[in-house]
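Note that the protein sequences, when read in sequence, are chains C and X. First residue of the first sequence: 2, per my numbering; consecutive thereafter. First residue of the second sequence: 2, per my numbering; consecutive thereafter.
Hints are computed from structural coordinates only; laboratory data are not their basis. Backbone N, C-alpha and C define an ideal beta-carbon position, used for all residues, glycine too. Treat the hints with care, since some could be wrong.
Stated by the list, open to error - Simulated DEER-style distance windows between Cβ atoms: (1) X:170 x C:336: 54 to 62 Å; (2) C:261 x X:207: 40 to 48 Å; (3) X:276 x C:35: 45 to 53 Å; (4) C:74 x X:198: 28 to 36 Å; (5) X:271 x C:258: 52 to 60 Å; (6) C:197 x X:207: 24 to 32 Å; (7) X:335 x C:29: 19 to 27 Å; (8) C:336 x X:335: 15 to 23 Å; (9) X:324 x C:258: 39 to 47 Å; (10) X:321 x C:198: 28 to 36 Å; (11) C:29 x X:321: 24 to 32 Å; (12) C:258 x X:17: 52 to 60 Å.
Said to hold, decoys possible - Here chain X is said to cover these stretches of chain C; the calculated rule only asks that three of the stretch's residues, wherever they fall, bring their Cβ under 8 Å from a Cβ of chain X: (13) 59-72; (14) 258-264; (15) 314-320.
Unchecked claim - Derived, one-sided and incomplete: chain C residues facing chain X with beta-carbon distance under 10 Å: (16) 288; (17) 324; (18) 331.
Number of protein chains: 2
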Amino acid sequence: MIEIEPILNGNRLALARLLTQIENDTHAGRAALSGLFPYTGRAHLIGVTGAPGTGKSSLVNQLARHYRKSDRPRRVAVVAVDPSSPFTGGAVLGDRIRMTELSGDPGVFIRSMASRGSLGGLARATAGIVQAYDAAGYEIILIETVGAGQAEVDIARLAHTTLVVEAPGLGDEIQAIKAGILEIADVLVINKADRPGVENTERALRTMLQLAHPVHRVFRHHGRLELASPSHALDAQSPVAPLWVPPVLRTVASDGQGIPKLAEAITHHQEYLVQTGDLERRERARLQNELEQRIQEALVNRWRAAAKNGQFEELLKKLVAREVAPEEAVAQLVA
Amino acid sequence: MIEIEPILNGNRLALARLLTQIENDTHAGRAALSGLFPYTGRAHLIGVTGAPGTGKSSLVNQLARHYRKSDRPRRVAVVAVDPSSPFTGGAVLGDRIRMTELSGDPGVFIRSMASRGSLGGLARATAGIVQAYDAAGYEIILIETVGAGQAEVDIARLAHTTLVVEAPGLGDEIQAIKAGILEIADVLVINKADRPGVENTERALRTMLQLAHPVHRVFRHHGRLELASPSHALDAQSPVAPLWVPPVLRTVASDGQGIPKLAEAITHHQEYLVQTGDLERRERARLQNELEQRIQEALVNRWRAAAKNGQFEELLKKLVAREVAPEEAVAQLVA
Chain C
2 MIEIEPILNG NRLALARLLT QIENDTHAGR AALSGLFPYT GRAHLIGVTG APGTGKSSLV
62 NQLARHYRKS DRPRRVAVVA VDPSSPFTGG AVLGDRIRMT ELSGDPGVFI RSMASRGSLG
122 GLARATAGIV QAYDAAGYEI ILIETVGAGQ AEVDIARLAH TTLVVEAPGL GDEIQAIKAG
182 ILEIADVLVI NKADRPGVEN TERALRTMLQ LAHPVHRVFR HHGRLELASP SHALDAQSPV
242 APLWVPPVLR TVASDGQGIP KLAEAITHHQ EYLVQTGDLE RRERARLQNE LEQRIQEALV
302 NRWRAAAKNG QFEELLKKLV AREVAPEEAV AQLVA
Chain X
2 MIEIEPILNG NRLALARLLT QIENDTHAGR AALSGLFPYT GRAHLIGVTG APGTGKSSLV
62 NQLARHYRKS DRPRRVAVVA VDPSSPFTGG AVLGDRIRMT ELSGDPGVFI RSMASRGSLG
122 GLARATAGIV QAYDAAGYEI ILIETVGAGQ AEVDIARLAH TTLVVEAPGL GDEIQAIKAG
182 ILEIADVLVI NKADRPGVEN TERALRTMLQ LAHPVHRVFR HHGRLELASP SHALDAQSPV
242 APLWVPPVLR TVASDGQGIP KLAEAITHHQ EYLVQTGDLE RRERARLQNE LEQRIQEALV
302 NRWRAAAKNG QFEELLKKLV AREVAPEEAV AQLVA
């Protein structure tokens with residue numbers, strides 16, 4: 002049994018202990034998350050994803066510093082997730098770099114998670130950690146992942162604003178692979194923008210953006226067909242829901258260049274989400290998804306508890322021997 | 002209602018029609034697959050995956066030709082799956098290239114599928130198409146996908162032997178991203194091996210292989226600890242189950258160089274799977290996975306049919322308003 006009051010009151014040790022329970026998916030951790038749920042839904046969730054070598058961790062670091070040092074300092078929490086193979090060790094390294102600059106600030110909380118078991122388990126643990134941060138009163142939550150396919154999509158579902166980070170000199174091929182990732186980007190960041198080739202990277206990204214947001218994604222505006230543009234997105238007077246076209250921004254995270262502009266773009270996107278009702282829609286879709294997942298689990302657990310001993314094994318054996326088709330096996334098992 | 006006899010008898014038109022039903026996930030398609038199930042489990046399934054630009058389609062093309070022209074010609078079927086965004090159009094292009102060389106051969110059947118809807122739906126349709134090919138008597142089934150994350154893993158589960166295709170000059174970064182893919186590779190192919198930089202690519206792959214198959218993956222052999230090696234894998238006299246270490250092979254698919262060696266490696270892997278009992282284990286794991294998926298679906302469908310009208314929507318609303326926690330909502334919905 003985990004007390005939730007200390008977590009709501011900002012006790013860091015209590016939060017750290019809860020995160021461990023969430024990572025290990027214990028009963029106590031689940032119960033505590035259930036108790037914390039009414040206090041969630043207030044934080045702005047920012048996803049940060051990109052290939053290894055783009056400098057995501059430094060960028061997250063600088064964004065955290067920026068939010069701490071602004072006129073109205075915000076409480077910032079970071080969860081860094083490395084869904085790739087254990088031998089890359091990215092999460093651990095990233096943690097060490099950040100610790101030196103931000104440790105000691107009580108308004109910042111950082112947690113790293115490396116791959117453990119299934120991708121599904123990792124996505125669930127990340128969602129739980131974000132929920133705990135949210136209830137604990139962190140206003141900005143940064144969710145950092147190494148770009149590795151399905152993981153980004155899961156995290157894009159979790160985050161309100163998703164940054165996709167690129168860097169010059171990663172080659173054209175990488176961009177061909179990552180075309181799908183552009184579709185989840187709300188803001189595109191070219192980090193390490195002091196490196197040669199930054200113009201090429203920006204040109205390639207803009208070309209791909211045009212492909213990802215093609216001409217058919219126009220909308221009716223005062224009866225005329227128009228292409229969506231960022232200026233529309235920020236125009237509160239617009240009578241129709243505008244489209245958000247991801248801005249492309251340059252940063253040099255190592256010395257903080259471009260970070261204020263990036264924070265501004267994130268704020269713009271947040272305003273856009275609120276004005277268009279997208280924030281509510283995303284939130285609702287996320288909770289619907291979670292509810293469906295949990296119903297499914299509950300049904301399977303109940304079925305398992307009631308299932309006849311050995312019947313599953315027996316039918317699986319017949320299935321392997323092609324003596325029964327899957328449909329028949331299921332009909333018998335679920336009868 | 003689809004007749005299954007014409008499909009078992011090798012009628013191409015009947016097979017083509019069934020594949021369309023499977024792609025559209027119709028009731029008739031499912032029923033036919035159920036009827037065909039007893040006739041499956043005979044084909045060797047070969048997965049071929051890799052980044053865009055590696056020449057996978059040409060490689061698949063050449064492998065199909067090789068199996069057709071061998072001393073004992075095998076019937077070959079290909080399913081090319083492009084899970085990436087619609088705007089890449091890879092599947093369609095690949096199809097056109099292959100058609101010119103293999104069309105007219107009654108021993109070859111080719112089908113392309115582009116992304117439609119969910120990744121899960123695509124993986125299921127691919128599994129159905131492979132099952133139909135298998136029942137129709139195709140002995141070699143080639144499953145081609147563009148490397149895009151989760152899709153490869155799903156296909157590796159389906160295939161008996163998975164080829165991962167690389168090419169020189171794709172840069173180091175790409176290889177860092179794709180490290181996870183090495184873990185699903187049974188055979189590594191460096192295609193376009195006549196290009197400069199092939200030595201670097203091979204060196205990088207071998208380094209990564211050592212990371213993916215680290216020293217702790219040794220096994221006891223006559224009481225001594227030994228590192229696994231391909232020669233052990235092929236030694237039927239070995240008293241312990243050896244490990245398969247993926248060979249690294251060079252090919253030039255455009256003119257057929259290296260294709261016979263590649264086909265040989267595939268045969269070796271097939272023999273290895275049979276000798277170690279891995280083929281049976283993989284098959285069993287695949288069917289267990291399918292059975293679990295279907296039980297889950299059946300339970301959800303049954304729940305949906307019995308659910309009170311509007312109760313789900315009502316509880317979702319309360320969830321969004323934080324008036325109820327997910328656990329409580331599920332308890333009420335599943336009660």
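Cross-check of the supplied hints:
1. A beta carbon spacing of about 58 Å between residue 170 (chain X) and residue 336 (chain C) agrees with the range 54 to 62 Å that was offered as a hint.
2. Distance hint for residue 261 (chain C) and residue 207 (chain X): a CB-CB separation of about 46 Å, consistent with the stated range 40 to 48 Å.
3. Checked against the hint of 45 to 53 Å, the pair residue 276 (chain X) and residue 35 (chain C) passes, with Cβ atoms roughly 51 Å apart.
4. At about 50 Å, the beta-carbon gap between residue 74 (chain C) and residue 198 (chain X) misses the expected band of 28 to 36 Å.
5. A beta carbon spacing of about 56 Å between residue 271 (chain X) and residue 258 (chain C) agrees with the range 52 to 60 Å that was offered as a hint.
6. Look at residue 197 (chain C) against residue 207 (chain X): about 31 Å separates their beta carbons, and that is inside 24 to 32 Å.
7. Between residue 335 (chain X) and residue 29 (chain C) the beta carbon distance is about 22 Å. The supplied range of 19 to 27 Å therefore holds.
8. In this structure the hint that residue 336 (chain C) and residue 335 (chain X) lie 15 to 23 Å apart at CB holds, the actual value being about 19 Å.
9. Checking the proposed 39 to 47 Å range against residue 324 (chain X) and residue 258 (chain C) shows it holds: the Cβ atoms sit about 46 Å from each other.
10. As the Cβ distance of residue 321 (chain X) to residue 198 (chain C) is approximately 45 Å, the hint placing it in 28 to 36 Å is violated.
11. Between residue 29 (chain C) and residue 321 (chain X) the Cβ separation comes to about 26 Å, which falls inside the hinted range of 24 to 32 Å.
12. Distance hint for residue 258 (chain C) and residue 17 (chain X): a CB-CB separation of about 58 Å, consistent with the stated range 52 to 60 Å.
13. With 0 residues bearing a CB less than 8 Å from a CB of chain X, the stretch 59-72 of chain C misses the requirement of three and the coverage assertion fails.
14. Note: the stretch 258-264 of chain C has 0 residues with beta-carbon separation from chain X under 8 Å; the three-residue rule is not met and the coverage is violated.
15. Counting residues of the stretch 314-320 of chain C whose CB lies closer than 8 Å to any CB of chain X gives 3, which reaches the minimum of 3, so the coverage claim holds.
16. Nearest Cβ of chain X to the Cβ of residue 288 (chain C): about 5 Å, under the 10 Å cut. The hint holds.
17. For residue 324 (chain C), the shortest C-beta to C-beta distance to chain X is roughly 8 Å, which falls under 10 Å, so the interface hint holds.
18. The beta carbon of residue 331 (chain C) comes within 5 Å of a beta carbon in chain X, closer than 10 Å, and the hint placing it at the interface holds.
In the structure shown, a violation is registered for the earlier hints numbered 4, 10, 13, 14, in ascending order.
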